[in-house]
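For the record, the sequence lines run as chains A and B. full-length UniProt numbering applies: residue 1 is where the first sequence begins, and numbers increase by one. full-length UniProt numbering applies: residue 1 is where the second sequence begins, and numbers increase by one.
One or more of the hints may lead you astray.
All copies of an identical chain are treated as equivalent in the list; a pair is satisfied when it fits inside any one copy or across any two copies.
Taking lysine-lysine and the DSSO-like style, the derived pairs with C-alpha atoms no more than 27 Å apart in a straight line are [said to hold, decoys possible]: (1) Lys17 x Lys4; (2) Lys187 x Lys93; (3) Lys185 x Lys93; (4) Lys75 x Lys98; (5) Lys8 x Lys98; (6) Lys98 x Lys44; (7) Lys128 x Lys185; (8) Lys143 x Lys75; (9) Lys93 x Lys20; (10) Lys59 x Lys17; (11) Lys214 x Lys93; (12) Lys20 x Lys187.
The hints are simulated quantities; they were obtained by calculation from the structure and are not laboratory data. Here the structure is a predicted model, which is why all the values come from computation and not from measurement.
Protein chains: 2
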Amino acid sequence: MISKNQLKLLRALGQKKQRKAHGLFLVEGEKNVLELLETSLVVKQVFATGEFLSEYQTKLAAYECVEASLDDLTKASSLVSNNAAVAVVEMPKNHTPKAQGLMIALDGVSDPGNLGTIIRLADWYGIKHIVASRDCADPYNPKTIRATMGSFARVTVSLLDLPEYLDQANIPVYGAFLEGESVHKTKFSPQGILLMGSESHGVRKEAEQFVTDKITIPAFGGAESLNVAMATGIILDNLRRQHSDV
Amino acid sequence: MISKNQLKLLRALGQKKQRKAHGLFLVEGEKNVLELLETSLVVKQVFATGEFLSEYQTKLAAYECVEASLDDLTKASSLVSNNAAVAVVEMPKNHTPKAQGLMIALDGVSDPGNLGTIIRLADWYGIKHIVASRDCADPYNPKTIRATMGSFARVTVSLLDLPEYLDQANIPVYGAFLEGESVHKTKFSPQGILLMGSESHGVRKEAEQFVTDKITIPAFGGAESLNVAMATGIILDNLRRQHSDV
Chain A
1 MISKNQLKLL RALGQKKQRK AHGLFLVEGE KNVLELLETS LVVKQVFATG EFLSEYQTKL
61 AAYECVEASL DDLTKASSLV SNNAAVAVVE MPKNHTPKAQ GLMIALDGVS DPGNLGTIIR
121 LADWYGIKHI VASRDCADPY NPKTIRATMG SFARVTVSLL DLPEYLDQAN IPVYGAFLEG
181 ESVHKTKFSP QGILLMGSES HGVRKEAEQF VTDKITIPAF GGAESLNVAM ATGIILDNLR
241 RQHSDV
Chain B
1 MISKNQLKLL RALGQKKQRK AHGLFLVEGE KNVLELLETS LVVKQVFATG EFLSEYQTKL
61 AAYECVEASL DDLTKASSLV SNNAAVAVVE MPKNHTPKAQ GLMIALDGVS DPGNLGTIIR
121 LADWYGIKHI VASRDCADPY NPKTIRATMG SFARVTVSLL DLPEYLDQAN IPVYGAFLEG
181 ESVHKTKFSP QGILLMGSES HGVRKEAEQF VTDKITIPAF GGAESLNVAM ATGIILDNLR
241 RQHSDV
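Isolated chain A, as found in the complex (with noise of 0.2 Å):
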């Protein structure tokens, strides 16, 4: 059973100050739970149903687990659907990625879902690294987690100051504008960070001063824009279509 302060404290740990100040943060759900359990995270306590801790025995064998029913898991976690695995996690400590490989950068990138489905997509294109400016929304809210699909664990999300990072990087930077080259022609290099702007203000002045190459998506039809997730998407595969056999 989750105890009163257990209770407390999962509830806390849904906004970011507490967050922060507990140096905490959730993992929620079947699928993020067991993704975790294969990372070098450090794992303080995990919430699950009789079902979801006799199922994954072994795996959890290493650690502190706390039964308790699916109606008690819900109401504690900020998933709205049913949910058997709730997991206590150590923030792991942020050092800033040198700036080499592919990377993306996100300028503005508020939406919590947004940050997670393009964590989702930088782990299917085997990309480590997000840098994203400190307005862009908290990698570790639960709402990012659960839409990572797991993919959490293995990119990293660095917030900081982005025009800074982006000066001092030896790089191109491919900045993604509704007018710019397009993907199907742009000659990538194989090292690049692709630089991302939020749907309403798209990149800002700031952080554009540093765009070595402006790209677009091109457009066929009426629609004025995509989501700047799936943006992202439809350039990444572009990015590796042209350095790749696949």
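Dock chain B against chain A, hints included.
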């Protein structure tokens, strides 16, 4: 002001059964309502704030308009956030489109948000018709309409017997599977049907038998899958790239 009877109708149209009974559906949100006015759809009524009504006075001259407060409109609609305009619209007659050009077929895609995003994508890539199995999300669900960001007006969605439709189609059927030929290497025909299954079940056997080419999006990292709308976008980009100069 919205009368009691009008409010009752607006609420009722949130339900599929009621939409069918009335032959009406809702278009919510400023952008969607503005797009609606550019179409040949029959608009019964527009409920909007005084601000919206005066800003778009000329465009709205031919319509029956009801002024209401932002608060009342938000309460009456299914949108969570502020909603300055809602329109009640007649459902157009559903014609089964001829299998020609580039089309999308959906098998069991039941999430309204995903369907809406796919409609927006279809519009971006200049695809006019989507055919979908009868257990797909309702194209007139307010959540679907909202996710289209106005594209609902330029793309038709026909719910039908999908295996029967595919059986009679005389153009290639490109089915998305986790194992198939890479979309980077597939030689696409300029005409064809892109068949997408749901995230949980994939393309079902009944539809799979009509697939002429199994295709897949190459993965480079650890993620196991992509969301169905995301996968649709990436494949459409590959399809269009091969048959255009942009």
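Quick rundown of the hints versus the structure:
no.: 1; hint: Lys17 x Lys4; in the structure: within (20 Å within a copy, 43 Å between copies)
no.: 2; hint: Lys187 x Lys93; in the structure: neither (36 Å within a copy, 46 Å between copies)
no.: 3; hint: Lys185 x Lys93; in the structure: neither (39 Å within a copy, 41 Å between copies)
no.: 4; hint: Lys75 x Lys98; in the structure: neither (41 Å within a copy, 49 Å between copies)
no.: 5; hint: Lys8 x Lys98; in the structure: neither (38 Å within a copy, 58 Å between copies)
no.: 6; hint: Lys98 x Lys44; in the structure: neither (30 Å within a copy, 58 Å between copies)
no.: 7; hint: Lys128 x Lys185; in the structure: both (25 Å within a copy, 26 Å between copies)
no.: 8; hint: Lys143 x Lys75; in the structure: both (15 Å within a copy, 25 Å between copies)
no.: 9; hint: Lys93 x Lys20; in the structure: within (12 Å within a copy, 55 Å between copies)
no.: 10; hint: Lys59 x Lys17; in the structure: neither (31 Å within a copy, 46 Å between copies)
no.: 11; hint: Lys214 x Lys93; in the structure: neither (33 Å within a copy, 43 Å between copies)
no.: 12; hint: Lys20 x Lys187; in the structure: neither (42 Å within a copy, 51 Å between copies)
The structure fails hints 2, 3, 4, 5, 6, 10, 11, 12 (numbered hints given earlier, in ascending order).
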